[in-house]
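Peer 1: Each chain, letter by letter, is given below.
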Amino acid sequence: MRSAKLKLAIAAVAGVAAIWGCATTGGGGGGGMGAKSADGIPLGSAGPNAVQPLPDRPRFGKPVSEADLAAWNIDIRTSDGAGLPPGRGTAAEGAKVYAAKCVACHGAEAKGGSVYGTMVGGIGSMTQNPRILTPGSMYPYAPILFDYIRRSMPMDRPQSLTANEVYALSAYLLNLNGLVPQDAVMDAQSLPKVQMPNRNAFMIDDRPDAQAVRCMNDCK
Amino acid sequence: MAQDDKHDSVAHARRNFLRKTAALTGGALAAGGAARAAPLSVQPSGKEPGHVIEETAYGMPSKFEAHVKRRRTDILKNRQNWSDWSMTPLQSQPGIITPNGLVFERHHAGTPDIDPKTHRLVIHGMVKQPLEFSMEDLHRYPSVSRFHFHECSGNGLTDWLKPASTTVQQTHGLLSGVLWTGVPASTLMEEAGVDPRGKWVLFEGADASAHARSIPIEKVLDDAIIAYAMNGEALRPENGYPVRVVLPGWEGNTSVKWLRRVKVGDQPWHLRSETARYTDPMPNGKWRQFSMVMECKSVITSPSGGQKLKGPGFYEVTGLAWSGNGKIRAVDVSFDGGKNWREATLEEPVMDKCLTRFKVAWNWNGQPAVLMSRAVDSAGYVQPSVADLQKSRAIVGFVQHHNAIQPWAINATGEVRNAIGQA
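Protein chains in written order, with this note's numbering: chain Y, 1 to 220; chain F, 1001 to 1423.
Among the clues, some could well be false.
Below 25 Å or equal to it, Euclidean Cα-Cα: the simulated SDA-like pairs (lysine to any residue) are [what the hints assert, rightly or not]:
#1 F/LYS1327 x Y/ALA212
#2 F/LYS1128 x Y/ASP56
#3 Y/LYS111 x Y/MET155
#4 F/LYS1162 x Y/GLN211
#5 F/LYS1077 x Y/TYR116
#6 F/LYS1359 x Y/MET216
#7 Y/LYS101 x F/LYS1077
#8 F/LYS1199 x Y/ARG57
#9 Y/LYS111 x F/ALA1109
#10 Y/LYS220 x F/ARG1417
#11 F/LYS1391 x F/GLY1421
#12 Y/LYS62 x F/ARG1120
#13 F/LYS1391 x Y/ILE132
#14 F/LYS1286 x Y/PHE202
#15 Y/LYS101 x F/ASP1084
#16 F/LYS1077 x Y/ALA104
#17 Y/LYS62 x F/PRO1184
#18 F/LYS1327 x Y/ASP209
#19 F/LYS1162 x Y/THR127
#20 F/LYS1128 x F/SER1186
#21 Y/LYS62 x F/VAL1144
#22 Y/LYS220 x F/TRP1364
#23 F/LYS1327 x Y/CYS215
#24 Y/LYS62 x F/SER1134
#25 F/LYS1117 x Y/PRO63
#26 F/LYS1286 x Y/ILE123
#27 Y/LYS101 x F/ARG1079
#28 F/LYS1077 x F/GLY1101
#29 Y/LYS111 x F/GLY1285
#30 F/LYS1199 x Y/PRO85
#31 Y/LYS62 x F/GLN1129
#32 F/LYS1077 x Y/VAL103
#33 F/LYS1077 x Y/GLY117
#34 Y/LYS111 x F/ASN1078
#35 F/LYS1219 x Y/SER79
Treat the hints as calculated values from the structure; they're not laboratory data.
Looking at chain Y on its own, in the form it has when it is part of the complex (with noise of 0.2 Å):
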């Protein structure tokens, strides 16, 4: 099937040399006199419609330095905190920021406002129904916080928050669901060591995980 596909691609690239060859005056230019493509086609190597070889492949990119893209890679490798920029907070400072910038949709204490359900507790939900699921419950890494809230929160100004402000949020959450003291400071190397409750719970898809029977007649 690919040898077939890759015959054809070859065959109607010849075509198109060919029927451009015909328009070709030939003779001069750098390519000379004799110049074939690697399907044995004649080159043609002046005029408008001088036949040029193919490209190996086409490349449009241009080059660009990770310093030149640091404002976009904002991401979190949560599992480690791979990525996780300088900065501190605790959760005092976490609280002020929280007032100005969250409560209005997620409530005093993160305990559910306006727009959304509760971000504390749940912790020993997970095999209740239904399951209370919050940053505390359901994440298994603590960086997550920082990940998500710098990418997406809050909602009407995302990605205004200064690196000392989101790990003071983040900070914040995470004593609000009891899993740091007061006074703990997150940073680049305390977040990542924040054990998650729910850290263990995840299992890599397995399905297919039904076994249904293709019963045709006085199926049950």
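For chain Y, the structure is supplied; the task is to place chain F on it using the hints.
Peer 2: Relative to chain Y, chain F alone:
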């Protein structure tokens, strides 16, 4: 479906009479129709010229089709208007292609307006040479166009053990069929030169949620498309304009819209959207993660919830089937709640990871019936029932990757209602 006369005992008596007469005459009356058509006069549209031809225009559907619209869910009411979804009216869609204005939406922070002249896409991380592309650059590459279904992992999340939604738009409308056009992701990845240790790829959007997902590089190099067009025109803003990634057969949110950044790494990032969201609750408090493939599924779109049959007689029962693991091989339809099944006809074309239209003729006898469809894909996977899925999954809270059989119950008056979890 027409209005019926369910409370009109006279009409009932008449229908019973007609049914008996039809039986006596071998169905000749039913086949010929109940009443003779009235004489025709010249129609108004033939008596005067129509609308003028505009100098330039973007054509819109007939005003008589104004009811065919995307709709937000009427079950879960979000208290803001940026992170939500709107659903495709599958009950109104013939064939397998969803018109661009009806392709479902799911955003995490609204739809941005992005100028293609200033938009940039970067590929970086574990590559030989980080690269930046303008939209003009992307349009210069050899392109591919492929038909695929697109489905949200949460399609059906409101209807699991008991019915909540009325229509198929509400139960299954986070589903669309699209011809995507763009550059194979492998073309751009090869140009950047992926480090052999690079195993995962982060795709990130330029929207206000900066939505991002970690994707295994095998999938990216296999069939991912950096898409800039859908169904013959530029992407719609709500579907990722000016460029998105499309991961055929995988849950919709992995096909990151408004794509600005592709980063190669050696591990997944375990972001919020791949731990606290888009994961499946499993027994013993566990969560199934990176469940990307949308498994084989089908649904009858006509007749479907909220519609009403006109009375006994012929119906073409039709619907859609799809699988993220290959092509649809067969669809069976049951009229008795899953006891007996008949194989439906699959309408060509039947394509890989694409919506497939199925049809089966049915002569409704006017008695209550429960219609179901069950798809089988080219991997041999048989679409399960809710009961089948319950054996392995702990269905609590929100439901993701719900691909169970959808029953529609029809009562004696022809009303069709959602019977999920009840049949």
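Peer 1: Given the hinted pair F/LYS1199 and Y/ARG57, is their alpha-carbon gap at most 25 Å?
Peer 2: Measuring from Cα to Cα gives roughly 24 Å; hence the hint holds.
Peer 1: Is F/LYS1077 close enough to Y/GLY117, meaning Cα to Cα at most 25 Å?
Peer 2: Answer holds: F/LYS1077 to Y/GLY117 is near 13 Å, not above 25 Å.
Peer 1: Is the hinted pair F/LYS1286 and Y/PHE202 satisfied, with a Cα-Cα distance of at most 25 Å?
Peer 2: Holds - the C-alpha atoms of Y/PHE202 and F/LYS1286 are around 6 Å apart, at most 25 Å.
Peer 1: When you check the alpha-carbon spacing of F/LYS1219 and Y/SER79, does it fall within 25 Å?
Peer 2: OK: F/LYS1219 and Y/SER79 at ~22 Å, within 25 Å.
Peer 1: CA of Y/LYS62 to CA of F/ARG1120, is that 25 Å or under?
Peer 2: Since the Cα atoms of Y/LYS62 and F/ARG1120 sit roughly 11 Å apart, the hinted pair holds (cutoff 25 Å).
Peer 1: With a cut-off of 25 Å on the C-alpha distance, tell me whether Y/LYS111 and F/ASN1078 pass.
Peer 2: holds (17 Å)
Peer 1: Take the C-alpha atoms of Y/LYS101 and F/LYS1077, compute the straight-line distance between them, and say whether it is at most 25 Å.
Peer 2: Roughly 24 Å separates the two Cα atoms, so the pair holds.
Peer 1: What's the verdict on Y/LYS62 and F/VAL1144, does the C-alpha distance respect the 25 Å limit or exceed it?
Peer 2: holds (22 Å)
Peer 1: Are the Cα atoms of F/LYS1077 and Y/TYR116 separated by 25 Å or less?
Peer 2: holds (12 Å)
Peer 1: Run the distance test for F/LYS1327 versus Y/ALA212: straight-line Cα separation, threshold 25 Å.
Peer 2: holds (18 Å)
Peer 1: Are the Cα atoms of Y/LYS62 and F/GLN1129 separated by 25 Å or less?
Peer 2: holds (9 Å)
Peer 1: Straight-line Cα separation of Y/LYS111 and Y/MET155 no greater than 25 Å?
Peer 2: holds (18 Å)
Violated hints for the displayed structure: none, as all numbered hints are satisfied.
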